[in-house]
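K.L.:
Sequence:
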Amino acid sequence: MKNYITTPIYYVNGEAHIGHAYTTFIADTLARYSRMVGMETYFLTGTDEHGQKIEESAQKQNKPTQQFADEISATFHNLWDEFNISYDQFIRTTDESHKKGVQAAFLKMFENGDIYKDFYEGNYCVSCETFFPESQLMDGGCCPDCGRPTTIVKEESYFFRLSKYERPLLEYYEAHPEFILPKSRRNEVISFVRGGLNDLSVTRTSFSWGVHLPESLNEPRHVMYVWLDALMNYVTALGYGSDESKMNFWPANVQLVGKDILRFHAIYWPAFLMSLGLPLPKHIAAHGWWTRDGEKMSKSKGNVVDPREVSNAYGVENFRYFMMREVPFGQDGDFSQRALIDRMNSDLSNDLGNLLNRIIGMSEKYSDFNVDSSHVAQYHVKELSDVAEILKTAETYLFELQPHRYLEELWRVFTIGNKAIEEHAPWTKVKEGRLDEALATVALVANLLAKASIMLHPVMPQTTAKIADALGFEISTESYTALIKNGDLLKAFTIKKIPPLFPRVEEPLMAEAPKAMIEEAPKAEAKAKMEDKKVSTVSEDGLITIDQFFQTSIKIGTVLDAEEVPKSSKLLKLKVDLGEESPRQIVAGIREYYSAESLINTQVCVVANLKPAKLMGLLSEGMILAAKDSEGLCLVRPEKPRLSGSSVG
RNA sequence: GGCUGGGUAGCUCAGCUGGUUAGAGCGCUGGUCUCAUAAGCCGGAGGUCGGGGGUUCGAGUCCCCCCCCCGCCA
1 MKNYITTPIY
11 YVNGEAHIGH
21 AYTTFIADTL
31 ARYSRMVGME
41 TYFLTGTDEH
51 GQKIEESAQK
61 QNKPTQQFAD
71 EISATFHNLW
81 DEFNISYDQF
91 IRTTDESHKK
101 GVQAAFLKMF
111 ENGDIYKDFY
121 EGNYCVSCET
131 FFPESQLMDG
141 GCCPDCGRPT
151 TIVKEESYFF
161 RLSKYERPLL
171 EYYEAHPEFI
181 LPKSRRNEVI
191 SFVRGGLNDL
201 SVTRTSFSWG
211 VHLPESLNEP
221 RHVMYVWLDA
231 LMNYVTALGY
241 GSDESKMNFW
251 PANVQLVGKD
261 ILRFHAIYWP
271 AFLMSLGLPL
281 PKHIAAHGWW
291 TRDGEKMSKS
301 KGNVVDPREV
311 SNAYGVENFR
321 YFMMREVPFG
331 QDGDFSQRAL
341 IDRMNSDLSN
351 DLGNLLNRII
361 GMSEKYSDFN
371 VDSSHVAQYH
381 VKELSDVAEI
391 LKTAETYLFE
401 LQPHRYLEEL
411 WRVFTIGNKA
421 IEEHAPWTKV
431 KEGRLDEALA
441 TVALVANLLA
451 KASIMLHPVM
461 PQTTAKIADA
471 LGFEISTESY
481 TALIKNGDLL
491 KAFTIKKIPP
501 LFPRVEEPLM
511 AEAPKAMIEE
521 APKAEAKAKM
531 EDKKVSTVSE
541 DGLITIDQFF
551 QTSIKIGTVL
561 DAEEVPKSSK
571 LLKLKVDLGE
581 ESPRQIVAGI
591 REYYSAESLI
601 NTQVCVVANL
611 KPAKLMGLLS
621 EGMILAAKDS
631 EGLCLVRPEK
641 PRLSGSSVG
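Residue 649, in our numbering, is where the first sequence stops; the numbers in between run on with no holes.
Don't read these hints as lab results, they were simulated from the structure.
Quick reminder that beta carbons are idealized off the backbone N, C-alpha and C, glycines included.
Just to be clear, a hint being listed does not mean it is correct.
Computed list of lysine-lysine pairs in DSSO-like fashion (alpha-carbon distance at most 30 Å, straight line) [said to hold, decoys possible]:
hint	residue 1	residue 2
1	301	2
2	497	485
3	301	246
4	301	259
5	365	466
6	429	365
7	365	491
8	53	301
9	429	419
10	63	117
11	282	259
12	108	53
13	108	246
14	466	497
15	365	431
16	491	183
17	301	63
18	100	282
19	485	419
20	392	419
21	60	246
22	183	2
23	183	60
24	496	466
25	431	491
26	429	496
27	419	382
28	485	466
29	382	246
30	575	640
31	164	365
32	154	117
33	63	108
34	296	259
Restraint ranges, calculated between C-beta atoms of paired labels, are given here [claimed, not checked]:
hint	residue 1	residue 2	range
35	13	647	51 to 61 Å
36	354	191	45 to 55 Å
37	260	580	54 to 64 Å
38	264	171	44 to 54 Å
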């Protein structure tokens, strides 16, 4: 079975940002999965290099246009290599074979009457490379998309009979509900097409940086419209119009796009294909945008996330995992270091990494790293069948293009592993001399990790290869077939002791977004969130200013009353006089060291401006200062009695 | 203004064709084991399911009205 997966080709007007990385990560994951299950897979990405905008950008930098395109294209190419993206081809619209293919397509459309010559007059936005009808223009004739001034252009142009495909397209959408994903986007496209389609101007005479028309048409002044040129890349990459040896990969299975370019891919592209007599792709899947800390990213705000920077700081695969796990496909996602760190610590370090460490430790102690699965089925039928079920479900989520659900589902395997260890407590079994049982549990968990690693491999290829190595097997189509499809277990194997794969991340590893951005974001909510999350305001040398210290209000308080909190062995509920109108209720975890009675009428130090918190359902309006070491805990108190409410500092 | 989609626990979301005490993850919190990365496991708090009306034996789930958010179009 053939499986062709594409990303959009990225416009070389600027360097790769987080959105490019996201699309490419998803496509790479799908491609890797496809290869792993043994499908014949072709994964295409590349760059879109034509158009007036590129021509102008190159001029601004005083570079030949081709050189400019080469340079930017290389930055994408290099980044994907750095990110270990497993593309089969990196196409460039300046490739000769691509140009040849586009010309062949143009000619075919022309010959079958779908392209005709006429005049176009309208308000043209150079920046967006789009004509806009009068009615859509903003005040002063500015572009409704970018707000820049438009110019009136009348030019000879070839047109594509898009209008002819209005009905066929609607019929196709109707007959193929899975064509446009997610569904909400599908509705948008349908209603747009229902609104009527105008024929599409597909050539320009106003600039020359593009694919020229086929020579047989003898139209040297005309250059192809950038979208016709660009969209065709998906088939010219397979050799359309030149060496067609790979055309058997067509139609594509999944064509990933950002939501901003959906219309081109869901309307123009299928119409072109219909005109060429080619089948339509199975899915056009539109994903959402990324914001940063709840704010739209923009160069002027200086809050753009550089994927390379994130990757360098946190690791590509952790980054990949985060992006795919964090946000439901199609929705906008928010990037913040806090969210990334939380995912890494909670999912990767705690659930997965720690589980691996647990069995490394046990296998070392109990059997000198030697494990075999022969007793697993005897003691762990339930776990094995539950996991088999989970893996099946997870797989369907991936096919449905719901990577977040797929990962969420997969993580249940680790919970089962952690629970199994807890329930079967191998350390107890060992003490009781039931070594077989203990080792069966270790082997079970090793197998669960092996199976989950295989499934996780498309998302984190290198990391899972390390896990597999530690467990003495290799991830491949063969092991996928054996462990996932056939439900086999690993044979006897030796575990390798490896250092933790996912060390916990205690604090942000990248500099925070520039101050300007934070100040521009007066959202009280966002601010409170940052404070809640203890984003450090401490300077690099670890010192704070006196002003910062005095943000904390510490006061002398007199304990008026104290009682034990029911059902808690640690908590005491205190009534403390801080010289205010009424005493405060403070819940303190000191019961193990102080009895309630002994505290009444003594003095303590209280942090008085702490945000109230609830402990065991009881409101606590402050914190009692205490010092703790191995000997125990003691309260910090004034040497001599002071007035209640006296400040400390 | 028109049309989608949506408003469910502090946060992010799941809840199919209406049916027992509305769920998950994270966060918070109490307890507990010791193989392990201050990890794991067990338990708890927390929701008038945007608001109002209606249909029904029964509605987060259907109908009507209103409010708010995103998106597309104008």
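K.L.:
Is residue 429 within 30 Å of residue 419, Cα to Cα?
P.N.:
holds (16 Å)
K.L.:
Can you confirm whether the C-alpha distance between residue 575 and residue 640 stays at or below 30 Å?
P.N.:
Distance ~20 Å between residue 575 and residue 640 Cα, so the pair holds.
K.L.:
Are the Cα atoms of residue 301 and residue 63 separated by 30 Å or less?
P.N.:
With Cα atoms ~28 Å apart, residue 301 and residue 63 stay inside 30 Å; holds.
K.L.:
What's the verdict on residue 497 and residue 485, does the C-alpha distance respect the 30 Å limit or exceed it?
P.N.:
Status holds; Cα separation ~28 Å.
K.L.:
Between residue 60 and residue 246, does the CA-CA distance stay at or below 30 Å?
P.N.:
violated (39 Å)
K.L.:
Can you confirm whether the C-alpha distance between residue 183 and residue 60 stays at or below 30 Å?
P.N.:
Roughly 42 Å between the alpha carbons, so the hint for residue 183 and residue 60 is violated.
K.L.:
CA of residue 496 to CA of residue 466, is that 30 Å or under?
P.N.:
At roughly 10 Å apart (the allowed maximum being 30 Å), residue 466 and residue 496 satisfy the hint.
K.L.:
For the pair supplied as a hint, residue 485 and residue 466, is the alpha-carbon distance within the 30 Å limit?
P.N.:
holds (22 Å)
K.L.:
Holds or violated: are the alpha carbons of residue 154 and residue 117 at most 30 Å from each other?
P.N.:
holds (13 Å)
K.L.:
What's the verdict on residue 282 and residue 259, does the C-alpha distance respect the 30 Å limit or exceed it?
P.N.:
holds (17 Å)
K.L.:
Between residue 466 and residue 497, does the CA-CA distance stay at or below 30 Å?
P.N.:
The given pair, whose Cα atoms are some 11 Å apart, holds under the 30 Å limit.
K.L.:
Assess, step by step, whether the Cα of residue 382 is no farther than 30 Å from the Cα of residue 246, and give holds or violated.
P.N.:
Answer violated: residue 382 to residue 246 is near 46 Å, above 30 Å.
Violation of the numbered hints given earlier is confined to hints 1, 3, 10, 16, 21, 23, 29, 31, 33 and 38; the remaining hints are satisfied by the structure.
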